[in-house]
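Note that the protein sequences, when read in sequence, are chains F and H.
Going by my numbering, the first sequence opens with residue 3, and the numbers climb by one from there.
Going by my numbering, the second sequence opens with residue 3, and the numbers climb by one from there.
Keep in mind that a hint or two might mislead.
Think about it this way: if two alpha-carbon atoms lie no more than 35 Å apart in a straight line, the pair counts; the simulated DSBU-like pairs of lysine-lysine are [claimed, not checked]:
id : chain 1 : residue 1 : chain 2 : residue 2
1  : H       : Lys100    : F       : Lys82
2  : F       : Lys179    : H       : Lys303
3  : F       : Lys25     : H       : Lys303
4  : F       : Lys79     : H       : Lys264
5  : F       : Lys108    : H       : Lys140
6  : F       : Lys8      : H       : Lys100
7  : H       : Lys12     : F       : Lys8
8  : H       : Lys355    : F       : Lys8
9  : H       : Lys303    : F       : Lys111
10 : F       : Lys25     : H       : Lys264
11 : F       : Lys82     : H       : Lys264
12 : F       : Lys406    : F       : Lys484
13 : F       : Lys105    : H       : Lys264
14 : H       : Lys100    : F       : Lys182
15 : F       : Lys111    : F       : Lys293
16 : F       : Lys209    : F       : Lys82
17 : H       : Lys12     : F       : Lys79
18 : F       : Lys25     : H       : Lys165
19 : H       : Lys303    : F       : Lys117
20 : F       : Lys117    : F       : Lys88
21 : F       : Lys79     : H       : Lys165
Partial list, derived from the structure: chain H residues whose beta carbon lies under 10 Å from chain F [unchecked claim]:
id : residue
22 : Ser238
23 : Ser368
24 : Ile382
To be clear, the hints were calculated from the coordinates, so they are not data collected in a lab.
Yeah, the Cβ is synthetic: ideal placement off N, Cα and C, and Gly gets one too.
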Amino acid sequence: MNQGRKEILQFVFLLVGVIFLIKLFFIQVLDNRYAELADGNAILRQVEYPSRGLIYDRNQKLIAFNSPEYDLEVIMKDVKRFDSEKFCAVFEISQEELRKRFKEMKARKEYSPYKPTLFMNQLSSIDFAKVQDYLDEFPGFYVQARTTRSYGAPSLANALGYVSEISKDNLARDESKIYKQGDYVGQSGIEAFYEEQLRGKRGVRFKLRNVKGIEKGSFKSGEYDTLSVPGQNLITGIDIDLQQYGEYLMNGKAGSIVAIEPSSGEILSLVSGPSYDPNLLTGRNYSSNFKLISNDTLKPLFNRPLMAQYRPGSIFKIAQAMTALQEKVITPDTRIRCDRSIINCHGAHTNEDLRGAIANSCNPYFHNVLRRMLNQGVVDDPFGDTRVGLAEWNKHIMSFGFGKKLGIDLPNEKEGLVPTPEYYDRAYRSQAWKFSNIYSLAIGEGENLVVPIQMANFAAIIANRGHYYTPHLVKAIGENGKPLPQYRERHYTTIDSSYFIVAVDAMQKVVEEGTGQYRARLADVIVCGKTGTVQNAPPLFDHSVFIAFAPRDNPTIAISVYVEDAGQGARAAASIASLMIEKYLFGQTKRPHIEQYVLNNKFE
Amino acid sequence: MRNEADISGKLDWVTVLLYILLVSLGWINIYAVVYDANAVQNIWDLSLNSGRQLLFIAASFIIILAIIIVDMRFYETFAYLIYGAVLFMLLLVPVIGKEVGGNKSWIGFGAFSLQPSEFAKFATALVIAKIIGSVGFKMDNLRSQATLLALIVVPMALILLQKDFGTAIVFASFLLVFYREGMSPFLLIVGVSMAFIAILTLIVENQWYLNGAIVLVFAIIVFFGKRTVKRILTLSAGALIIILTIQSFDYVINNVLPVRHKKRLEALVNPNFDPMGINWNVTQSKIAIGSGGFMGKGFLKGTQTKFDFVPEQSTDFIFCTIGEEHGWFGSLTVITLFMTLLMRVIFIAERQKNRFARAYGYSVASIFFFHFAVNIGMTIGLFPVIGIPLPFFSYGGSSLWSFTILLFILLKLDAHRSQVLQRI
Numbered sequence: 003m004n005q006g007r008k009e010i011l012q013f014v015f016l017l018v019g020v021i022f023l024i025k026l027f028f029i030q031v032l033d034n035r036y037a038e039l040a041d042g043n044a045i046l047r048q049v050e051y052p053s054r055g056l057i058y059d060r061n062q063k064l065i066a067f068n069s070p071e072y073d074l075e076v077i078m079k080d081v082k083r084f085d086s087e088k089f090c091a092v093f094e095i096s097q098e099e100l101r102k103r104f105k106e107m108k109a110r111k112e113y114s115p116y117k118p119t120l121f122m123n124q125l126s127s128i129d130f131a132k133v134q135d136y137l138d139e140f141p142g143f144y145v146q147a148r149t150t151r152s153y154g155a156p157s158l159a160n161a162l163g164y165v166s167e168i169s170k171d172n173l174a175r176d177e178s179k180i181y182k183q184g185d186y187v188g189q190s191g192i193e194a195f196y197e198e199q200l201r202g203k204r205g206v207r208f209k210l211r212n213v214k215g216i217e218k219g220s221f222k223s224g225e226y227d228t229l230s231v232p233g234q235n236l237i238t239g240i241d242i243d244l245q246q247y248g249e250y251l252m253n254g255k256a257g258s259i260v261a262i263e264p265s266s267g268e269i270l271s272l273v274s275g276p277s278y279d280p281n282l283l284t285g286r287n288y289s290s291n292f293k294l295i296s297n298d299t300l301k302p303l304f305n306r307p308l309m310a311q312y313r314p315g316s317i318f319k320i321a322q323a324m325t326a327l328q329e330k331v332i333t334p335d336t337r338i339r340c341d342r343s344i345i346n347c348h349g350a351h352t353n354e355d356l357r358g359a360i361a362n363s364c365n366p367y368f369h370n371v372l373r374r375m376l377n378q379g380v381v382d383d384p385f386g387d388t389r390v391g392l393a394e395w396n397k398h399i400m401s402f403g404f405g406k407k408l409g410i411d412l413p414n415e416k417e418g419l420v421p422t423p424e425y426y427d428r429a430y431r432s433q434a435w436k437f438s439n440i441y442s443l444a445i446g447e448g449e450n451l452v453v454p455i456q457m458a459n460f461a462a463i464i465a466n467r468g469h470y471y472t473p474h475l476v477k478a479i480g481e482n483g484k485p486l487p488q489y490r491e492r493h494y495t496t497i498d499s500s501y502f503i504v505a506v507d508a509m510q511k512v513v514e515e516g517t518g519q520y521r522a523r524l525a526d527v528i529v530c531g532k533t534g535t536v537q538n539a540p541p542l543f544d545h546s547v548f549i550a551f552a553p554r555d556n557p558t559i560a561i562s563v564y565v566e567d568a569g570q571g572a573r574a575a576a577s578i579a580s581l582m583i584e585k586y587l588f589g590q591t592k593r594p595h596i597e598q599y600v601l602n603n604k605f606e
Numbered sequence: 003m004r005n006e007a008d009i010s011g012k013l014d015w016v017t018v019l020l021y022i023l024l025v026s027l028g029w030i031n032i033y034a035v036v037y038d039a040n041a042v043q044n045i046w047d048l049s050l051n052s053g054r055q056l057l058f059i060a061a062s063f064i065i066i067l068a069i070i071i072v073d074m075r076f077y078e079t080f081a082y083l084i085y086g087a088v089l090f091m092l093l094l095v096p097v098i099g100k101e102v103g104g105n106k107s108w109i110g111f112g113a114f115s116l117q118p119s120e121f122a123k124f125a126t127a128l129v130i131a132k133i134i135g136s137v138g139f140k141m142d143n144l145r146s147q148a149t150l151l152a153l154i155v156v157p158m159a160l161i162l163l164q165k166d167f168g169t170a171i172v173f174a175s176f177l178l179v180f181y182r183e184g185m186s187p188f189l190l191i192v193g194v195s196m197a198f199i200a201i202l203t204l205i206v207e208n209q210w211y212l213n214g215a216i217v218l219v220f221a222i223i224v225f226f227g228k229r230t231v232k233r234i235l236t237l238s239a240g241a242l243i244i245i246l247t248i249q250s251f252d253y254v255i256n257n258v259l260p261v262r263h264k265k266r267l268e269a270l271v272n273p274n275f276d277p278m279g280i281n282w283n284v285t286q287s288k289i290a291i292g293s294g295g296f297m298g299k300g301f302l303k304g305t306q307t308k309f310d311f312v313p314e315q316s317t318d319f320i321f322c323t324i325g326e327e328h329g330w331f332g333s334l335t336v337i338t339l340f341m342t343l344l345m346r347v348i349f350i351a352e353r354q355k356n357r358f359a360r361a362y363g364y365s366v367a368s369i370f371f372f373h374f375a376v377n378i379g380m381t382i383g384l385f386p387v388i389g390i391p392l393p394f395f396s397y398g399g400s401s402l403w404s405f406t407i408l409l410f411i412l413l414k415l416d417a418h419r420s421q422v423l424q425r426i
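Next up, chain F with everything else stripped away, as it sits in the complex (with noise of 0.2 Å):
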């Protein structure tokens, strides 16, 4: 009797045992799911958000800077109930918005009950004084420091651009992997083109904690944080005075000011009118403001200077004429008699040399120069004659930077265009065109495009005698830096720099005694420009343009000014620019009566 019982209750012991082990082996080797939940438990990961560089101006005056921000987070596993009542009151939320709040968090993929997650952002500073006092009465929600962006001048807009959280799409293109939801990231002008420059490295401190959440010290005595890394500050070559003066000059205009230092290429200023404050989309009212800005009719997001694309008129005889010397279809002394028969003109003038026929912008001058330059001959059919001109015509005016993208350090850039024997053939559907169709181009009408950005580098170039520096707002990343490697490379145009002397004695003429006479001159000062006006559409007036660089001889500022239904360019674009070089070179103006011609005048 009871044979075999021990070794059957032995059996059972062991087996009890066995499957023990065989279930610990599964969990804590095989199974590593609960090593995860373990960190997540009782290892907080702390992001620790670097500082974004600041941004100064070429003054080291500071015009982007970073101001206290305090995010709400809540970790859903530690949440007791609490009273939402109160805590509606002390977030200043409604009833509603909390539990959709809360529904929306929990719908995010990424979401987990064990780790912080954004509940709340942008709680404003003076928010958080309040809150502080009231958070320990709703345990698993954390505030987490970072920083918002602010700007100290009402201006640049455009060219600053503006910082927000990143975009579920651009999250889902980022293979960098830097990104999560709920960070932020430049998203246009110098924030982000700067941005990887701008943004630092975030940093990570893991620390313990225990059930309740209370802090036990950092892990493994801090072996894995990482501290963060402020991200670089960069000076801008722009004069923020003049950036404000221009927008104060551009208030109720539409158009743009470009400013350029022809002998680094640095920006000086780089007005968009009409523009917006930068401030305003920055911090908790971004969306509600962006919403605004952006169905705005007037555009104030597009940004003009890189943007709009113009025909450039009258200013295009400038390079009208450098062609054509390079050319050696002309020389200086070339007079052509103003014939008005096939293109109209304007003024005295009746048998000019080339300096007297850029100061008084005579049209028939161009049309017969653009003639010789595109039929010299080399075919005896003028039509396969003018695509050969035409094609090295083109050659020419794409050096000075025309027809491309400059490649300046935003985004957005518009290339323009300078048209092609190609560009005609798509345009005509055959090749069947000769000069006879083209001519609007010699004086910068018909199919010519450029921006206003181009038009500066333009000047520039003339400033330089021939060559320029790639247009560029940062001067240097970092204290002692320097600008990207693209800025500091010079380039030079198809045009020998002998010719540059022509225009250079031109556009003086045409502020001394030509079309820009009356409100382009300063008397302390040799100043050199070019009006240009070009047509627009009846009813609407003709668009206001001009371009300048003074002093004549080491220049330090070149400027294109273009003003949007403003006229001729003597007028509207010619005050403007003038009137920023003299707040450049000067540091003020003496000059009301322009000024308030400018800012009173309608230009109608």
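For chain F, the structure is supplied; the task is to place chain H on it using the hints.
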């Protein structure tokens, strides 16, 4: 008179060594639980569990000495008296007891409190062994079975009065002793089947599906067997009994069992049931153990057990610390030690020359096994959370002393086995 204390040559030193190993490991683990890297701590500090446990261990050695000094015949002779005394204490608990953690099962003696239910285990073991060892005892005798059942049920009931469900069901482990001593395996099989059906009752929402299935199974058995009237009647009666069992079990679950036990049972059959609520303990316990990996995070380096994620980790969930800090290797070590102890106890029980000592030995093995299986089983989610301690590891004087007394009475009996008349 024999020198009772001078049995060093006959004491089973293998068991003593296992005992010392288990108690030492237990103490080190309790230190690991209370250890706080940021606090200035002294391992001996009596305000810490580790310091107090050391005191309990010291007291255990005095108890061991006392057990060895007392005449070996004392335990058999005074079994009823000891049993009676413990029952009296259990009766007193609801009157003068104090409540700790929802269970009113403690009697205070100044700064210390005792848990009489812990001592009911060895007392019941003694009295059951005495009955089984008595002359002319026959296990298949209904009267004997009724007596034994009564001896178990009375302390169980008294302990249930203290709402200490865990300790009460430990007394079920005596079934293993009865089995060894001749109880029909049929009863055990019925018991296991009942448990199985009970689990099914919990899983299957509508018990009428379950009842239908049982009727179907029995109908098939009837159909394919000899269709005699007697057989059909017997099988029908069987089916009816099972259905009635299900109904009564369902009734017990829904109306008698405290809600927290019912929830725990539900949590057991469904591991995903309320993981942050009723299953919080098990969830956290599994996280702690599971995060240990193969070799563990290292002594005092546990994060889960250190920062209170696992509740009651010094007592019921002490195994988490082992699992987390020493990994699977640590689990293997502890489980192997327990298995070795159990096999050794069975070996000792089998070499006894009288039935009293053998039955007592099996009681010790069964109780240890039950604690071991239920405690570790619950920490890894194989058993419902039933708060019973892991022998020698869980913090607490009463349980340590209870297990010590259980084990060393056996060793005392074993040391004198050659002096007793063979009565098997």
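Consistency of the hints with the structure:
A C-alpha spacing of about 30 Å is found between lysine 100 of chain H and lysine 82 of chain F, which places the hinted pair at or below 35 Å, so the restraint holds. Under the criterion of a C-alpha separation no larger than 35 Å, the hint pairing lysine 179 of chain F with lysine 303 of chain H is consistent with the structure, at around 32 Å. With a CA separation close to 23 Å, the supplied pair lysine 25 of chain F and lysine 303 of chain H stays within the 35 Å bound. Distance restraint check for lysine 79 of chain F and lysine 264 of chain H: the Cα-Cα separation of roughly 25 Å lies within the 35 Å cut-off, and the hinted pair is therefore satisfied.
With a CA separation close to 66 Å, the supplied pair lysine 108 of chain F and lysine 140 of chain H exceeds the 35 Å bound. Of the pairs offered as hints, the one joining lysine 8 of chain F and lysine 100 of chain H is violated, with about 41 Å between alpha carbons and a cut-off of 35 Å exceeded. At most 35 Å may separate the alpha-carbon atoms for a hinted pair to count; lysine 12 of chain H and lysine 8 of chain F meet this at roughly 24 Å. Only pairs whose Cα atoms come within 35 Å are accepted, and lysine 355 of chain H paired with lysine 8 of chain F is accepted, the gap being roughly 16 Å.
Between lysine 303 of chain H and lysine 111 of chain F, the direct Cα distance comes to roughly 33 Å. Compliance with the 35 Å bound is thereby established for this hinted pair. A distance of roughly 25 Å separates the Cα atoms of lysine 25 of chain F and lysine 264 of chain H; the hinted pair therefore holds under the 35 Å criterion. With a C-alpha separation of about 25 Å, the suggested pair lysine 82 of chain F and lysine 264 of chain H falls inside the 35 Å cut-off, and the hint holds. At most 35 Å may separate the alpha-carbon atoms for a hinted pair to count; lysine 406 of chain F and lysine 484 of chain F meet this at roughly 25 Å.
Of the supplied pair hints, the one linking lysine 105 of chain F and lysine 264 of chain H holds, its CA atoms being roughly 32 Å apart against a limit of 35 Å. Annotation: proposed proximity of lysine 100 of chain H to lysine 182 of chain F is violated, straight-line Cα distance about 55 Å (limit 35 Å). Note on lysine 111 of chain F and lysine 293 of chain F: the hinted pairing holds, with a Cα-Cα distance of about 27 Å set against a maximum of 35 Å. With a CA separation close to 22 Å, the supplied pair lysine 209 of chain F and lysine 82 of chain F stays within the 35 Å bound.
Between lysine 12 of chain H and lysine 79 of chain F the alpha-carbon distance is near 57 Å, which puts this suggested pair outside the 35 Å criterion. Proximity of lysine 25 of chain F to lysine 165 of chain H is assessed by CA-CA distance (about 31 Å); at most 35 Å being required, the pair is judged to hold. A C-alpha spacing of about 22 Å is found between lysine 303 of chain H and lysine 117 of chain F, which places the hinted pair at or below 35 Å, so the restraint holds. Proximity of lysine 117 of chain F to lysine 88 of chain F is assessed by CA-CA distance (about 24 Å); at most 35 Å being required, the pair is judged to hold.
Of the pairs offered as hints, the one joining lysine 79 of chain F and lysine 165 of chain H holds, with about 31 Å between alpha carbons and a cut-off of 35 Å not exceeded. The interface hint given for serine 238 of chain H is broken, as the beta carbon of that residue sits about 32 Å from the closest beta carbon of chain F, more than 10 Å. Interface hint status for serine 368 of chain H: upheld, as the beta-carbon distance to the closest one in chain F is roughly 8 Å, under 10 Å. With a cut of 10 Å, the hint placing isoleucine 382 of chain H at the interface with chain F holds, because the nearest CB-to-CB distance is about 5 Å.
Hint compliance for this structure: hints 5, 6, 14, 17 and 22 are not met, and every other hint is.
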